[in-house]
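Take a look at the letters that make up each chain.
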Amino acid sequence: MEFLFAITIGVLVASSVYLMLSNHLLRFIFGLVLISNAANLTIFVAGRLTDGAPPLIPEGADAPLGDIANALPQALVLTAIVIGFGLFAFAIVLVFRAWTSLNSLTPDDMRLAEPEEAHK
Amino acid sequence: MSWLLALPVVIPFLTAVFAFLTRQSPLGRWVSVGGSTVLLVASIVLMNAVLREGVIAGQMGQWPAPFGITLVADLLSAVMVLITAIVAVAVSIYAIADVDEGMERLGYHALFNMLIAGVVGAFITGDLFNLYVWFEVMLIASFGLLVLGGRPEQIDGGVKYVALNLVSTIMFLTGIGLLYGMTGTLNMADLASAVDTADQRLLTVIAVLFMIAFGVKAAVFPLFFWLPASYHTPAFAVSAVFAGLLTKVGVYALLRTFTLIFDHDTAFTHTILLWVAGLTMVVGVLGAAAQTDMRKILSFHIVSQIGYMILGLALLTPLAILGAVFYLVHHIIVKANLFLIAGVAQRIAGSTELARIGGLYKSAPFLAILFLVPAFSLAGFPPLSGFWAKFLLVKAALDDQGWIIAGIALAVGLLTIYSMTKIWAQAFWEPHPDGVEPTLSTLSSRDRAAMLVPIAGLAALTVFIGVMPDPFVEFARASAEQLLDPSAYIAAVLGDQP
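Residue numbers (numbering that gives the first Met the number 0), protein chains in the order written: chain C, 0 to 119; chain Y, 0 to 497.
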């Protein structure tokens, strides 16, 4: 199971790096979404994968009986997803504003804040 | 005691809420000034408690460490919170004059206080995942502040700032996941001992992941390119608080994690840091030399100065860490102040582009003196704070037989003087190209007070640290001891557990 996850994460990271290195902002954003999911999956796997064992403690007991799924990474991933969602919402709006006010989504053309001919 | 730890986070958070509710009225700016002042009081109380009782830890929601979220304040955290509060007060007063009503209506004061909450939270948390959350609070607020106003340059700078910082965030998150997978804990004090039994080679890989993530935030070479691309675009109050605080959160995170958790293979990790420190200093100062705009010069100098702090961490001797802590505090005050002064120059002379302004010394001598204090301090002139900061670090490097890095540090100091002289000569000394004489009296009396009082206050603090360095050096020494021997920190968090 870990092996499958590792392959998935690897493919996600590889494609997101490819996307992020292309000279287009929208692709960069897509790459960012993919790589953040890869990070979330990494945290999830780091908590160990246990098959079909919900983290429930039977009534009257103080501790769970036997192995259970680790709930903490799920809480962490959930937090990371929520935060990531907010950040991407902002990033997409920013890219849209860049399109309307700079008329370009090619990072190489975006030289307004750092003009190449700074000394003239 | 945990309420004492939570207060510095809760105060700016509540201030942000009130500032948001009052954003349509002029009341918002006073809410911001008031909230910052209360934060300053709370941080002084916290500092007092830490000085009296040593490291203070509090468990949120009464979950015992390492299971719950821990807030910890040792000397370093306490002084960082205090200095954050000082900058917050200065900038929130300055914002009365600098931030226009349009930005206020868009929620400038709420975002500003949210940023402060994030910064303070990052300084005071004792849990790695919680640190990530505070980083995000800080980031999202800084995104908003950076593009507030929506001029095309801001959007351009914002895209680069957002893109690179998001990549760093994801690396940080991946590092957290892997570290948790290896050790099963994210409490920093618990990690300090938990990493001893982990696979040391894998741990080094994770350490480098953290180094890159925090390195982007701290703007070290070769990860700093977002900083000079964006810091000269927003309002001056915004760039002052960015310049003072944001990169320093990255430096703080490096200082904390690479003394507490990742000190297993210092021959490898801290050698990388040493190279990074040297290159950051040199590239930053050369970048500044090529610029002709006040804010762009100052932005590159942030990068260059970060190199000095990383140098202290890389050497990892008691004197070097002492120097890094001292440098951190000195730099925040000086750098924020220089950006505030650039804002006054823009207001009265019409630009921050050096070729287009001049004559400030003749027509606004008071401003010129206020500029000289932080500028000379940045360059390291005695008896200002920057002299002692540089002196301590260069001495630490020499004691460690680091002749080359000490030479680099000194040479970079010289080049810093060159940049400061360039600003002085062109903005203050030479006559204005349009023949006008920019004076402070063009400002309304309210704006004049709001802009000059914080600048004068921060400059006075710089002089004070410079003239009376002993208590500050003593403090930094105690703080360095805590960092290098974290047993008090660990004991405060984990209690009586072994």
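Since the hints were made in silico from the structure, they are not lab data. Even glycine gets a Cβ: it sits at the ideal position worked out from N, Cα and C. One or more of the hints may lead you astray.
Claimed, not checked - Pairwise CB distance ranges, derived in the manner of DEER restraints:
hint : chain 1 : residue 1 : chain 2 : residue 2 : range
1    : C       : F2        : Y       : N47       : 33 to 43 Å
2    : C       : G85       : Y       : V9        : 13 to 23 Å
3    : Y       : L26       : C       : F84       : 26 to 36 Å
4    : C       : L55       : Y       : V9        : 27 to 37 Å
5    : C       : N22       : Y       : M467      : 31 to 41 Å
(Q) Given the hint of 31 to 41 Å, is the C-beta distance from C/N22 to Y/M467 inside that range or not? (A) The hinted range 31 to 41 Å is violated for C/N22 and Y/M467, with Cβ atoms some 54 Å apart.
Q | Range hint compliance [Cβ, Y/L26 to C/F84, 26 to 36 Å] | A | Hint holds: Cβ distance 33 Å, inside 26 to 36 Å.
Q) Does 13 to 23 Å hold as the CB distance between C/G85 and Y/V9, or does it fail? A) The hinted range 13 to 23 Å holds for C/G85 and Y/V9, with Cβ atoms some 21 Å apart.
(Q) Can you tell me whether the CB distance of C/L55 to Y/V9 sits inside 27 to 37 Å? (A) holds, 34 Å
Q.
Quick check: does the Cβ-Cβ distance between C/F2 and Y/N47 fall within 33 to 43 Å?
A. Given range 33 to 43 Å: violated, Cβ gap about 55 Å.
In this structure, the hints that do not hold are numbers 1, 5, in rising order.
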